[in-house]
Amino acid sequence: MSSARWFTLIGALFALACAVSGALYFASRSADFGAHALAVGGIGEVRHLDRLLSEQVLAARFGLSNQYDPLTATELELVRAEGELHGSVGAVATTPDVDRALRALDRALAERRSALEHFKAENSVLKNSLRYLPTAGEEVAAELAANGKAALARDVNVLVRATLVYNLIGDQSTRDAHFAATERVRAERAELTGSAASDIDLLLAHARVIGERLPSVDGWLKQAANEDLSDRLASLENLYQTRFSESAARANRYRQVLYAWSLLLVLAVALAGLQLKKLYAGLERRVAERTVELERARDALWGEMQLARRIQEALVPREPQLRGCDVAASMRSAAQVGGDYYDVIHTKTHEWILIGDVSGHGVPAGLVMMMCQTAVRTALERDPELLPDRLLVLVNAVLTENIRQLGEDKYMTITALRRDASGSIWFAGAHQDLFVYRADSGVVETFETAGLWLGLRPDAEGAFELRELKLGVRDVLVLHTDGVTEAMRDGALFDTTGMRRILAGAKDKTAGEVLDALLHALDGFDLDDDATLVVIRQLEAAPKNTRPSTTPPPATPRPTAP
Amino acid sequence: MKLERLGVVALACTLAACSETKSSAPRAEQRAGAAPTAASREPLEALPDVPPLDPKIVALGRRLFHERRLSADGSIACANCHDLQRGGVDGQVRSTGVGGKQGAVNAPTVYNAALNFVQFWDGRAATLEEQIGFPVTNPAEMATSFEHVLAFLKADPGYASAFAAAFPNGVTEANARRALADFERTLLTRDSPFDRFLAGDEHALAPEARAGYETFKSVGCVACHQGRNVGGNMFQRFGVLGDYFKDRGNVTEADYGRFNVTHNEADRFVFRVPSLRNVARTAPYFHDGSAATLAQAVQVMARYQLGRKLSDDQVRSIIAFLQSLSGELARAGEKG
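Going down the list, the sequences are from chains D and F. Start counting the first sequence at 1; every next residue gets the next number (the working numbering). Start counting the second sequence at 1001; every next residue gets the next number (the working numbering).
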């Protein structure tokens, strides 16, 4: 499988796992106990108000309270509390049966309120009539008696009494007695006219109110104080509690499932880990392959550096020697082989010392170095009596042409020194300054070198100036490349002062010791470039008679203070 | 319900009734007025305090209450029919709405309406908030719609900012209802002579009014007009001991009262018992505006609701009592 598809698959599986976990989490959340408390509290409040209302209804019916404000206030509270139940119970249990129970409760409450309204109305009216009837009866009876209607007056009193007894006992026989008395008075009233008649009409109206309202008030009372609402409430509560514990149990089950699922996920993650490990094994193999490739490439590059180094090593003389001199030389190659070059050549009549530096690094620099050495040797073989300035003109011509053919943009600094049998050293060509330690004075003299760099233009006729220096016994000549003076430590150059300081202490030291001192001083300096040092110490006085065939102009040494 | 308990209470009550029966008529009425039973309270109670309300909302409600532009043609405000200077009514038999249309019933006062257990003669609105929808949409009143009202309120910068200051969600129907209702909740007429009397000031009621109060209780007016609002806590048939509507004639649908809401035959001609607070200011009387004076109204009550004949003295003193129920209009609605 390609890794892109593999990752899509993993992503999809991860999303699925998240979705399932989320769903399980929501299903397993334990029922909200705050909402539960609210619902239970709400049910409790409705129950309380329901009971209070029933008590208040009874109190109103039996004259223990004389107005309905408290009753009405309780009723409105009950309506509010019951209304809130829909919210609080619904927030916890939303099953259809709970819904039905709530609606049944609504209906019971509505019925109860309707009964309550009728109860209030009829109870008031009944009370008024019950209270007024005896007074009205007494007045009417007195009036009738005064008008000589004693029989009717007596029947009126009977009616009042029968009605009150009916109110007290309320059974069928007292009810019958009440109606019989009413009928009798009504029948007798027909004969009457005037105020007595209307008084009896009023009396009869009150008797009728009592006869009708007594049973109906108690009917409404039963409805208004009945247990229907509290029964409905109880069944709602049962249902609610059942649903709540069911939902709690369900949440528990889901929690267990969630645990199992989590376990599964852990396993899956472990498996996926293994799979990933395999995947990484493949990746590692490929990384290894790539690494090998890289190493090869690096080796190729490294090989080139090695070649450059080998070229350099091949060119540089192993143990340079000069007659009557003690010679020590060192060449330190930088990591990237630079273009340092030095050579010591013995012809029949002269000894040559060459020191130079090709611009750039690596193999190309090495090639230029090689060409230079070949050109020098060829020229000296052809004409052993050449003077250094002439030699450099010839070498420059060859080198410039070769570099052009190579297509490289290179040049080279070089100083050529010819040591004659007489001991004179003739030199030419621009490279680094030459330092000479004078053994008898202890002074370090500096000889500047000048001339054209090789490789810049083919014709260098007249571009080099020939100079001469002479070494006395135990004098020390030091040649170096810029790698030495440009060695750095803590941002400071080793510089020529560093060299001259060491050289000033060269008295009675062998060339090797001077070289060691120089190298020791260089320790701890960073070499960015090749660093070459050649130390030549004159051991015995040279013979005065031998002179070069051409007389070179004398070099004028500039003594410098140590 | 525990029937045993019912029995015990019934017995106690019976004893009380018996003792009343045996006494002579005047004494019986006297004692009834003095509430000899275990009655927990006086049948009438003092006006409660205005509940704590947000003054910003109340001020907004007051503005809306007087705003003619809420009606369809910009001619009628709530205050037109419920003139706060005139006892919260318009003094008409039937109110005149947008386009001169006549309503079906007499306008009750908005003063102390907050204390009524339901709103309107037939109790068809449970709360003040619910009630407000009716005049706004009634074609014989303001004849508009809440859409129209809300559009106006939103477009008017003064109202928009007043709503924004009073409510977090600015102009909405619920907020407009709430503002008007809260304003009405402040319309309690405090400091009536009768309330001062209830508070213990013996001199607050003139002797005639004092006697009227006793009569009001003893003849049974308190059986219906009772509680803190002297009414407004129950429904009653108009014509308990006589057929009021037959005697009056010309029965209209509005006369059916609560029947129009419940369609229950038992509720025909049933009305919410009105509050009698400030009743001296709210003529004409009854849902049909048929009684021009208090004297007429009291006589009708005595005849049809009590089945009693009241003497002229009794009527006079009852009227004196009813006049003592007038509270301070100027201060109503100021607080809160």
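The hints are simulated quantities; they were obtained by calculation from the structure and are not laboratory data. There could be a bad hint or two in this list.
Heads up, simulated DSS-like pairs for lysine-lysine below, C-alpha to C-alpha not over 30 Å straight-line [as the list claims (entries may be wrong)]:
#1 Lys149/D to Lys348/D
#2 Lys127/D to Lys1246/F
#3 Lys127/D to Lys1309/F
#4 Lys222/D to Lys277/D
#5 Lys1309/F to Lys149/D
#6 Lys1309/F to Lys1246/F
Against the structure, the hints:
1. Lys149/D to Lys348/D: Since the Cα atoms of lysine 149/D and lysine 348/D sit roughly 191 Å apart, the hinted pair is violated (cutoff 30 Å).
2. Lys127/D to Lys1246/F: This hinted pair holds, its Cα atoms lying about 25 Å apart.
3. Lys127/D to Lys1309/F: holds (18 Å)
4. Lys222/D to Lys277/D: Not OK: lysine 222/D and lysine 277/D at ~81 Å, beyond 30 Å, violated.
5. Lys1309/F to Lys149/D: holds (22 Å)
6. Lys1309/F to Lys1246/F: holds (19 Å)
Taken one by one, the earlier hints fail for this structure at numbers 1 and 4, listed in ascending order.
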